[in-house]
Amino acid sequence: MSQPESAVADAQAGGASPLPEEPLAELAARYGLRRAIARPPLGQYLRQLWERRHFIRTYATSRNVSKYSNSALGQLWQVLTPLLNAGVYYVMFGVILGAQNGIPNYPAFLITGIFVFTYTQRSVLGGSRSISSNLGLVRALHFPRGALPIAYTVQELQQLAVSMCVLMVLVVAIPPHETITIAWLLIPVVLLLQTMFNIGAAMAMARVGAMVRDTSQLLPFVMRFWLYASGVFFSIPQKLEKFPEWIQVVMQFNPAATYIELMRDILIESHRPAPYIWPFAIFWAVFGLAAGFWYFWRAEERYGRG
Amino acid sequence: MADVKVAPLTEQEKQERKAERRPTVIVDDLHIVYRVYGAASEHEKGNAASALMRIVRRQGRPQMTEVHAVKGVSFVAYHGDAIGVIGRNGSGKSTLLRAIAGLLPPHSGAVYTDGQPSLVGVNAALMRDLTGERNIVLGCYAMGLTQQQVKEKYDDIVDFSGIGKFINLPMRTYSSGMGARLRFAIASAKSHDVMLIDEALATGDREFKRKSQKRIKQMREEAGTVFLVAHNLDVIEETCNRVIWLHDGKIRMDGDPHTVIEAYNNA
Chain G
0 MSQPESAVAD
10 AQAGGASPLP
20 EEPLAELAAR
30 YGLRRAIARP
40 PLGQYLRQLW
50 ERRHFIRTYA
60 TSRNVSKYSN
70 SALGQLWQVL
80 TPLLNAGVYY
90 VMFGVILGAQ
100 NGIPNYPAFL
110 ITGIFVFTYT
120 QRSVLGGSRS
130 ISSNLGLVRA
140 LHFPRGALPI
150 AYTVQELQQL
160 AVSMCVLMVL
170 VVAIPPHETI
180 TIAWLLIPVV
190 LLLQTMFNIG
200 AAMAMARVGA
210 MVRDTSQLLP
220 FVMRFWLYAS
230 GVFFSIPQKL
240 EKFPEWIQVV
250 MQFNPAATYI
260 ELMRDILIES
270 HRPAPYIWPF
280 AIFWAVFGLA
290 AGFWYFWRAE
300 ERYGRG
Chain S
0 MADVKVAPLT
10 EQEKQERKAE
20 RRPTVIVDDL
30 HIVYRVYGAA
40 SEHEKGNAAS
50 ALMRIVRRQG
60 RPQMTEVHAV
70 KGVSFVAYHG
80 DAIGVIGRNG
90 SGKSTLLRAI
100 AGLLPPHSGA
110 VYTDGQPSLV
120 GVNAALMRDL
130 TGERNIVLGC
140 YAMGLTQQQV
150 KEKYDDIVDF
160 SGIGKFINLP
170 MRTYSSGMGA
180 RLRFAIASAK
190 SHDVMLIDEA
200 LATGDREFKR
210 KSQKRIKQMR
220 EEAGTVFLVA
230 HNLDVIEETC
240 NRVIWLHDGK
250 IRMDGDPHTV
260 IEAYNNA
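Going down the list, the sequences are from chains G and S.
Numbering that gives the first Met the number 0 puts the first residue of the first sequence at 0, with every later residue one more than the last.
Numbering that gives the first Met the number 0 puts the first residue of the second sequence at 0, with every later residue one more than the last.
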């Protein structure tokens with residue numbers, strides 16, 4: 000692939016803009032020019048993300064709106080989707096398979112589990128696609144890439160806000176009717192902790208999804224396994240009754256199971272709380288967010304390649 | 000990204016800046032190697048059995064092909080330059096621009112820039128399912144404008160794009176020309192130190208070409224640097240003060256537009 004002699008000669012003859020004598024790297028340093036690809040320090044990166052908060056919010060809202068804009072019922076689906084989901088799972092597990100086995104208020108138990116798990120599940124799945132399916136945007140504009148997985152999580156949070164209203168109405172409406180207690184004030188706290196964890200998980204999966212191309216094929220199976228391990232359909236302490244308590248604690252350490260358990264504690268009076276549930280929830284929120292954020296930020300300059 | 004508020008320069012300052020010829024973009028022996036997936040090689044058969052055999056034989060990722068798109072390009076661009084980049088399809092023009100924008104990491108060599116370059120390309124789709132209006136707001140936020148700035152710029156962007164009542168329709172219903180116009184209008188709403196325009200003006204009509212050329216001129220006067228990729232050589236000759244001719248990933252010629260374009264036409 001060598002250049003023909005004449006081409007080199009041409010380049011020199013037409014050289015209205017010859018290269019300077021000094022090495023280009025030194026010239027760049029002298030005028031304070033920086034490498035086009037450089038990862039900003041963590042503090043600066045956080046500030047850039049904060050400056051993009053309107054982008055994150057608008058992007059999440061826009062995606063939620065456009066998701067249903069082609070259907071006849073339009074935004075009504077924001078409420079219908081969680082309702083139908085709850086219905087399907089209740090008929091499958093509650094009625095046909097009869098998974099109740101002694102769980103008091105099984106409908107509330109099941110629907111709470113599904114809604115809380117769906118939030119984490121959809122954040123992780125969305126996060127894993129957030130970079131790879133927005134390559135056009137990533138390659139066109141400069142912004143801290145972390146805005147994308149965060150926006151996907153915020154989108155799911157907006158959807159969850161609707162689901163939670165449906166959930167609270169259902170829990171009170173279907174027998175045995177739960178009563179609204181002072182503990183319900185803790186719902187936003189639990190959602191905040193779960194959101195922190197979800198952002199961390201979405202960011203970590205965004206990097207994995209951007210770098211490993213088979214993620215989108217494999218992830219649904221991992222998520223399915225996670226769903227069954229998280230005690231959405233059954234009670235973990237009940238299933239593991241015959242085993243020593245530490246095994247229950249280990250199973251309960253699973254972040255999805257933790258947030259589900261916590262939400263059930265609040266919503267369902269008859270629910271018996273699992274041990275160490277609050278420390279687990281706080282640990283996952285702080286550790287998940289910090290680790291996921293750090294892992295994503297480490298590859299900031301590499302997104303959009305290929 | 001600091002959105003520096005540049006005070007308008009006086010004529011004298013402009014002259015001084017030009018005389019000083021401060022570099023804004025330095026490209027130092029840049030090599031870009033692309034990875035392309037899914038490009039089937041000859042003995043690659045697209046079935047599961049052969050995929051399994053490949054893994055068993057530990058041949059690993061054979062669907063990946065490496066493309067050496069830019070092969071050792073060096074040049075220095077200065078304040079107030081408008082540089083046209085010409086060359087045949089596949090000569091590495093778009094790749095070079097994306098590398099300058101900091102969107103493709105160099106394989107070796109380096110790109111140094113002053114501030115954050117911004118790339119306007121044909122394929123820089125924002126969100127196809129959203130209305131033009133939403134796209135303007137999102138694009139502006141992504142560039143780091145504040146809510147107040149977006150409000151101020153909004154009408155200006157709509158006017159400049161000339162989209163009119165289509166602004167309330169999803170972007171997927173736009174013609175390619177309308178999409179390109181809107182993208183250019185959004186990207187040029189913010190003053191950039193370095194702006195890279197990749198074919199974005201190619202699909203616009205006559206009226207829009209005139210408007211965008213005026214805006215590029217204005218940006219040059221504000222001491223910015225503009226790179227322009229276009230197949231329409233007239234546009235380049237009218238707008239640019241320097242032309243780089245890329246051939247097969249290397250600089251074939253770099254200099255005065257008239258000279259370079261003449262040589263290109265004769266090649």
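Mixed in with the good hints there might be a few duds.
[To be verified] Heads up, simulated BS3-like pairs for lysine-lysine below, C-alpha to C-alpha not over 27 Å straight-line:
# : chain 1 : residue 1 : chain 2 : residue 2
1 : S       : Lys150    : G       : Lys66
2 : S       : Lys213    : G       : Lys66
3 : S       : Lys150    : S       : Lys164
4 : S       : Lys70     : S       : Lys150
5 : S       : Lys164    : S       : Lys152
6 : S       : Lys249    : S       : Lys150
Hints listed in this document are in silico derivations from the structure and should not be mistaken for laboratory results.
Report task. Starting from lysine 70 of chain S, check that the Cα of lysine 150 of chain S is at most 27 Å away, please. Result -> 44 Å, violated
Query raised in the report: Is the Cα-Cα distance between lysine 213 of chain S and lysine 66 of chain G 27 Å or less?
Result: 39 Å, violated
Query raised in the report: Given the proposed pairing of lysine 150 of chain S with lysine 164 of chain S, does the C-alpha separation stay at or below 27 Å?
Result: Satisfied, since the Cα-Cα distance of roughly 18 Å is no more than 27 Å.
Query raised in the report: Is the Cα-Cα distance between lysine 150 of chain S and lysine 66 of chain G 27 Å or less?
Result: This hinted pair holds, its Cα atoms lying about 26 Å apart.
Report task. Verify the proposed pairing of lysine 164 of chain S with lysine 152 of chain S, using a straight-line Cα cut of 27 Å. Result -> 18 Å, holds
Query - Agreement of lysine 249 of chain S and lysine 150 of chain S with the hint, judged by alpha carbon distance not exceeding 27 Å - result: With Cα atoms ~44 Å apart, lysine 249 of chain S and lysine 150 of chain S exceed 27 Å; violated.
Checked against the numbered hints given earlier, this structure breaks hints 2, 4 and 6; the rest are met.
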